[in-house]
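**Q** Given only the sequences and the hints, what does the whole structure look like? Please build it.
Chains A and B supply the protein sequences, listed in that same order. Residue numbering for the first sequence follows the numbering used here, beginning at 43 and increasing consecutively. Residue numbering for the second sequence follows the numbering used here, beginning at 43 and increasing consecutively.
Just so you know, these hints were derived from the structure itself, not from any lab. One should not assume that every hint holds.
All copies of an identical chain are treated as equivalent in the list; a pair is satisfied when it fits inside any one copy or across any two copies.
As the list claims (entries may be wrong) - Using 35 Å as the maximum straight-line C-alpha spacing, the simulated DSBU-like pairs for lysine-lysine come out as follows:
no., residue 1, residue 2
1, Lys203, Lys259
2, Lys495, Lys220
3, Lys401, Lys143
4, Lys475, Lys495
5, Lys459, Lys495
6, Lys203, Lys143
7, Lys82, Lys315
8, Lys475, Lys401
9, Lys401, Lys259
10, Lys459, Lys220
11, Lys143, Lys459
12, Lys475, Lys259
13, Lys82, Lys203
14, Lys259, Lys495
15, Lys82, Lys143
16, Lys475, Lys439
There are 2 protein chains.
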Amino acid sequence: MNAPLALSAVVLEQLSAIVGEQRVRTDHDSLQTWGKDWTKHFEPNPSVIVFPATTEEVQAVVRLANQHQIAITPSGGRTGLSAGAVATNGEIVISLDRMNKVLEFLPADRMVRVQAGIVTESLQQYAEQQGLYYPVDFASAGSSQLGGNIGTNAGGIKVIKYGMTRQWVLGLTVVTGKGDILHLNKGMIKNATGYALQHLFIGAEGTLGIVTEAEIKLERQPQDLKVLVLGTPDFESVMPILHAFQQRIDLTAFEFFGEVALQKVLDAGHVGKPFDTPCPFYVLLEFEGRFEAVVDDAMSIFEHCMEQGWVLDGVMSQTQAQAQNLWRLREDISETIAPFTPYKNDISVLITHVPAFIKEIDAIVAASYPDFEICWFGHIGDGNLHLNILKPANLSKDEFFDQCKLVNTQVFETVQKYNGSISAEHGVGMTKKDYLEYTRDAVEISYLRELKKVFDPNGIMNPGKIFDL
Amino acid sequence: MNAPLALSAVVLEQLSAIVGEQRVRTDHDSLQTWGKDWTKHFEPNPSVIVFPATTEEVQAVVRLANQHQIAITPSGGRTGLSAGAVATNGEIVISLDRMNKVLEFLPADRMVRVQAGIVTESLQQYAEQQGLYYPVDFASAGSSQLGGNIGTNAGGIKVIKYGMTRQWVLGLTVVTGKGDILHLNKGMIKNATGYALQHLFIGAEGTLGIVTEAEIKLERQPQDLKVLVLGTPDFESVMPILHAFQQRIDLTAFEFFGEVALQKVLDAGHVGKPFDTPCPFYVLLEFEGRFEAVVDDAMSIFEHCMEQGWVLDGVMSQTQAQAQNLWRLREDISETIAPFTPYKNDISVLITHVPAFIKEIDAIVAASYPDFEICWFGHIGDGNLHLNILKPANLSKDEFFDQCKLVNTQVFETVQKYNGSISAEHGVGMTKKDYLEYTRDAVEISYLRELKKVFDPNGIMNPGKIFDL
Numbered sequence: 043m044n045a046p047l048a049l050s051a052v053v054l055e056q057l058s059a060i061v062g063e064q065r066v067r068t069d070h071d072s073l074q075t076w077g078k079d080w081t082k083h084f085e086p087n088p089s090v091i092v093f094p095a096t097t098e099e100v101q102a103v104v105r106l107a108n109q110h111q112i113a114i115t116p117s118g119g120r121t122g123l124s125a126g127a128v129a130t131n132g133e134i135v136i137s138l139d140r141m142n143k144v145l146e147f148l149p150a151d152r153m154v155r156v157q158a159g160i161v162t163e164s165l166q167q168y169a170e171q172q173g174l175y176y177p178v179d180f181a182s183a184g185s186s187q188l189g190g191n192i193g194t195n196a197g198g199i200k201v202i203k204y205g206m207t208r209q210w211v212l213g214l215t216v217v218t219g220k221g222d223i224l225h226l227n228k229g230m231i232k233n234a235t236g237y238a239l240q241h242l243f244i245g246a247e248g249t250l251g252i253v254t255e256a257e258i259k260l261e262r263q264p265q266d267l268k269v270l271v272l273g274t275p276d277f278e279s280v281m282p283i284l285h286a287f288q289q290r291i292d293l294t295a296f297e298f299f300g301e302v303a304l305q306k307v308l309d310a311g312h313v314g315k316p317f318d319t320p321c322p323f324y325v326l327l328e329f330e331g332r333f334e335a336v337v338d339d340a341m342s343i344f345e346h347c348m349e350q351g352w353v354l355d356g357v358m359s360q361t362q363a364q365a366q367n368l369w370r371l372r373e374d375i376s377e378t379i380a381p382f383t384p385y386k387n388d389i390s391v392l393i394t395h396v397p398a399f400i401k402e403i404d405a406i407v408a409a410s411y412p413d414f415e416i417c418w419f420g421h422i423g424d425g426n427l428h429l430n431i432l433k434p435a436n437l438s439k440d441e442f443f444d445q446c447k448l449v450n451t452q453v454f455e456t457v458q459k460y461n462g463s464i465s466a467e468h469g470v471g472m473t474k475k476d477y478l479e480y481t482r483d484a485v486e487i488s489y490l491r492e493l494k495k496v497f498d499p500n501g502i503m504n505p506g507k508i509f510d511l
Numbered sequence: 043m044n045a046p047l048a049l050s051a052v053v054l055e056q057l058s059a060i061v062g063e064q065r066v067r068t069d070h071d072s073l074q075t076w077g078k079d080w081t082k083h084f085e086p087n088p089s090v091i092v093f094p095a096t097t098e099e100v101q102a103v104v105r106l107a108n109q110h111q112i113a114i115t116p117s118g119g120r121t122g123l124s125a126g127a128v129a130t131n132g133e134i135v136i137s138l139d140r141m142n143k144v145l146e147f148l149p150a151d152r153m154v155r156v157q158a159g160i161v162t163e164s165l166q167q168y169a170e171q172q173g174l175y176y177p178v179d180f181a182s183a184g185s186s187q188l189g190g191n192i193g194t195n196a197g198g199i200k201v202i203k204y205g206m207t208r209q210w211v212l213g214l215t216v217v218t219g220k221g222d223i224l225h226l227n228k229g230m231i232k233n234a235t236g237y238a239l240q241h242l243f244i245g246a247e248g249t250l251g252i253v254t255e256a257e258i259k260l261e262r263q264p265q266d267l268k269v270l271v272l273g274t275p276d277f278e279s280v281m282p283i284l285h286a287f288q289q290r291i292d293l294t295a296f297e298f299f300g301e302v303a304l305q306k307v308l309d310a311g312h313v314g315k316p317f318d319t320p321c322p323f324y325v326l327l328e329f330e331g332r333f334e335a336v337v338d339d340a341m342s343i344f345e346h347c348m349e350q351g352w353v354l355d356g357v358m359s360q361t362q363a364q365a366q367n368l369w370r371l372r373e374d375i376s377e378t379i380a381p382f383t384p385y386k387n388d389i390s391v392l393i394t395h396v397p398a399f400i401k402e403i404d405a406i407v408a409a410s411y412p413d414f415e416i417c418w419f420g421h422i423g424d425g426n427l428h429l430n431i432l433k434p435a436n437l438s439k440d441e442f443f444d445q446c447k448l449v450n451t452q453v454f455e456t457v458q459k460y461n462g463s464i465s466a467e468h469g470v471g472m473t474k475k476d477y478l479e480y481t482r483d484a485v486e487i488s489y490l491r492e493l494k495k496v497f498d499p500n501g502i503m504n505p506g507k508i509f510d511l
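**A** This is the structure in structure tokens:
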């Protein structure tokens with residue numbers, strides 16, 4: 043399919059007839075704004091941005107696009123990091139910005155039905171107002187939309203206890219690439235009536251259709267969250283610490299970061315160091331401390347870890363303010379390292395393999411690129427590592443990225459060797475599609491292609507993302 | 043495709059070459075035994091039973107079947123209740139009985155890799171030996187195999203806290219209907235690299251391919267489980283009880299049963315009544331009481347429910363033996379009512395709709411079939427109801443089942459009205475396929491058909507199950 047450079051007046055009129063004239067934009071600023079996400083490597087070049095208000099309007103746009111063989115890019119909060127929502131080739135961008143409403147709340151089911159354009163943080167706040175909790179949380183929650191979270195099966199910082207976005211989706215309304223509206227699973231916890239189509243759409247990055255509504259499960263609010271930050275002598279000590287705590291305590295987070303990451307955050311000056319002893323690695327644990335016995339238990343495990351030599355120093359929050367400050371040591375990393383033009387990879391291997399994996403990557407980079415500084419951090423309790431290579435001051439951005447691409451191949455070969463994932467929670471989009479075979483073999487990818495044809499026979503839904511047809 | 047009545051000697055020889063002569067059976071007893079599951083409405087009529095030992099052997103059988111256009115029925119513990127594993131038409135039955143090994147245990151990941159023929163209870167016991175817990179549990183755990191659990195996304199009695207089988211599957215090895223081996227998701231918690239094919243195979247009842255191995259997540263063992271049985275004056279009181287407890291306590295079970303069910307269990311004489319006050323409905327709650335504060339909390343919520351009039355009487359277990367006896371009030375129901383030739387339906391609606399739904403069904407049955415006794419029980423915390431209609435002594439089995447089929451249509455119309463599921467956790471198989479449209483609309487079913495073609499273009503994988511091609 044060749045995407046046209048500009049849509050005909052007829053198509054634009056038909057779009058206006060569907061969503062209203064004010065909801066169709068072709069001005070340069072709008073095309074630039076809604077034509078991209080947080081990735082900056084691609085030049086946005088959509089034909090038009092439309093802002094539907096209902097599932098039926100989305101359906102009408104998809105049917106029109108099929109009729110004229112025009113590609114569509116679904117667009118949410120545009121916080122994606124893999125160019126899954128970038129329109130580079132004359133696409134109709136369907137923005138869900140207006141579809142941001144809570145449609146229904148069912149207290150007995152602890153379930154909320156929402157439109158997919160709701161901002162993640164708004165959903166979290168709505169849950170809180172009902173005395174409940176939406177546990178998927180990450181740095182971009184203030185801008186990202188639920189539909190985008192569903193499209194990449196977003197994870198974040200609470201996965202060790204609460205799982206990925208997938209676990210909270212009890213139902214989806216979607217418009218398929220063919221233009222059919224499907225109401226998938228309708229909010230049920232138990233429904234054994236054939237293939238669970240909702241799970242195909244979760245993580246599909248808008249390539250099978252557009253998610254327009256969702257039934258989302260909510261949870262009891264966690265209470266009295268306690269945070270521990272522990273310094274370890276080496277990465278090998280991280281695993282026994284995780285093991286010791288998990289045996290007796292239900293952790294709500296288990297994050298890690300290296301000395302490089304901590305130093306950058308401390309240098310920024312917004313938060314003090316957790317304790318005096320310098321350590322090569324740090325872990326941050328969180329758990330509900332609503333019963334004293336649990337807090338006592340955590341203290342005794344902490345002491346046990348010190349005795350074993352797995353922990354050199356550590357601190358436990360006594361107040362909520364302290365807990366928040368300890369979290370900043372981990373959460374400020376991304377922002378703090380941004381000025382160093384980090385080359386980011388979001389990878390995952392089994393927890394068992396993390397220590398060996400980190401060592402191999404460190405060795406690869408040290409051998410070939412001794413000037414590069416590696417900043418490790420991530421959700422170690424899920425095997426999810428954020429590998430950030432920082433740009434040396436003496437290299438231009440282009441030179442640096444060119445060299446990083448060479449490192450990339452070696453990184454992904456190591457990921458493949460450990461049967462890991464080249465994208466743990468950021469999706470594939472355009473930035474990772476050339477590397478998809480490092481995680482999914484050619485036969486599997488051939489099934490992905492065939493599946494796409496079932497839902498999108500004309501190949502109009504977000505083409506060029508995940509894989510090329 | 044026309045299934046042959048008997049396989050040619052050539053095919054039988056080829057099967058022997060693949061799995062070994064001793065692993066190919068065509069004697070009448072074997073055909074009868076491995077040709078069916080727990081449903082008794084269909085006459086088993088397979089051509090041959092084969093017992094492969096490896097994924098590669100399964101693949102070779104599937105490829106052979108494709109070559110000769112012979113249908114395959116995968117067979118696990120044969121405890122299914124929807125005839126999903128019944129072979130009625132000359133199929134090759136592939137039994138997973140020999141593929142029952144634990145392949146690998148990864149403590150840091152709390153994960154075990156097993157062959158799909160492992161018996162559910164063996165997996166539970168293996169987890170326990172590692173100090174961990176496999177939380178999917180139900181009456182047939184002693185015979186059912188993991189592969190079958192995955193095929194129907196089995197649920198059971200702990201879903202309110204631990205979710206369905208789906209939630210514990212971190213990876214699958216499958217042989218597709220085409221004969222390809224796919225290693226899906228490889229045990230990762232986070233992996234955002236395109237469509238999550240493992241979730242299509244979970245709940246597919248062997249119609250897309252055969253699950254041969256699985257990576258299964260394990261969990262911390264629950265400690266000091268406490269059981270409460272509460273009697274309520276009406277069904278409407280059940281919801282506020284659930285709500286009151288869930289706000290403060292993480293329930294591991296929330297089951298319910300009616301007076302009819304309790305009376306049958308008491309009549310059987312193996313277990314005494316929980317308390318003297320007779321009540322129309324009972325709920326059974328379970329939670330971890332490892333901290334005194336939680337048990338105190340539960341007691342005060344219990345008292346609050348009494349004060350509100352939601353609970354007429356109740357009891358909390360003080361010992362593990364008492365807890366087990368209270369569980370028997372719920373768990374013995376199925377066996378106790380078996381002599382009454384119950385007509386079973388396993389349905390699900392949103393929890394919000396359960397009270398109205400139960401009332402409507404009671405009214406339908408009372409109006410048209412005043413002699414029928416209804417025995418309600420189920421996993422109310424998930425909206426999953428087991429509706430059992432008991433046969434009046436004066437009706438023959440055939441007359442009774444004929445009348446029940448008429449009731450069925452009205453029951454499923456009511457399920458549809460409430461956007462519920464005609465099969466919550468038993469699958470569709472052959473017994474429910476004529477009713478599939480009550481839960482999934484015609485457009486959705488057309489996508490299911492297309493998806494099947496992607497994985498099984500020759501239509502050889504468990505034909506006649508879920509839907510007809």
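**Q** It remains to establish, for every hint, whether it holds in the given structure.
**A** Okay, the hints, checked on the actual structure:
no. : hint               : result
1   : Lys203 with Lys259 : both (15 Å within a copy, 13 Å between copies)
2   : Lys495 with Lys220 : both (9 Å within a copy, 17 Å between copies)
3   : Lys401 with Lys143 : between (47 Å within a copy, 33 Å between copies)
4   : Lys475 with Lys495 : both (18 Å within a copy, 26 Å between copies)
5   : Lys459 with Lys495 : both (31 Å within a copy, 32 Å between copies)
6   : Lys203 with Lys143 : both (28 Å within a copy, 29 Å between copies)
7   : Lys82 with Lys315  : within (33 Å within a copy, 69 Å between copies)
8   : Lys475 with Lys401 : within (26 Å within a copy, 53 Å between copies)
9   : Lys401 with Lys259 : between (39 Å within a copy, 26 Å between copies)
10  : Lys459 with Lys220 : between (38 Å within a copy, 27 Å between copies)
11  : Lys143 with Lys459 : between (45 Å within a copy, 25 Å between copies)
12  : Lys475 with Lys259 : both (32 Å within a copy, 29 Å between copies)
13  : Lys82 with Lys203  : within (33 Å within a copy, 42 Å between copies)
14  : Lys259 with Lys495 : both (31 Å within a copy, 33 Å between copies)
15  : Lys82 with Lys143  : within (30 Å within a copy, 49 Å between copies)
16  : Lys475 with Lys439 : within (22 Å within a copy, 60 Å between copies)
Every hint, counting from the list given before, is met by this structure.
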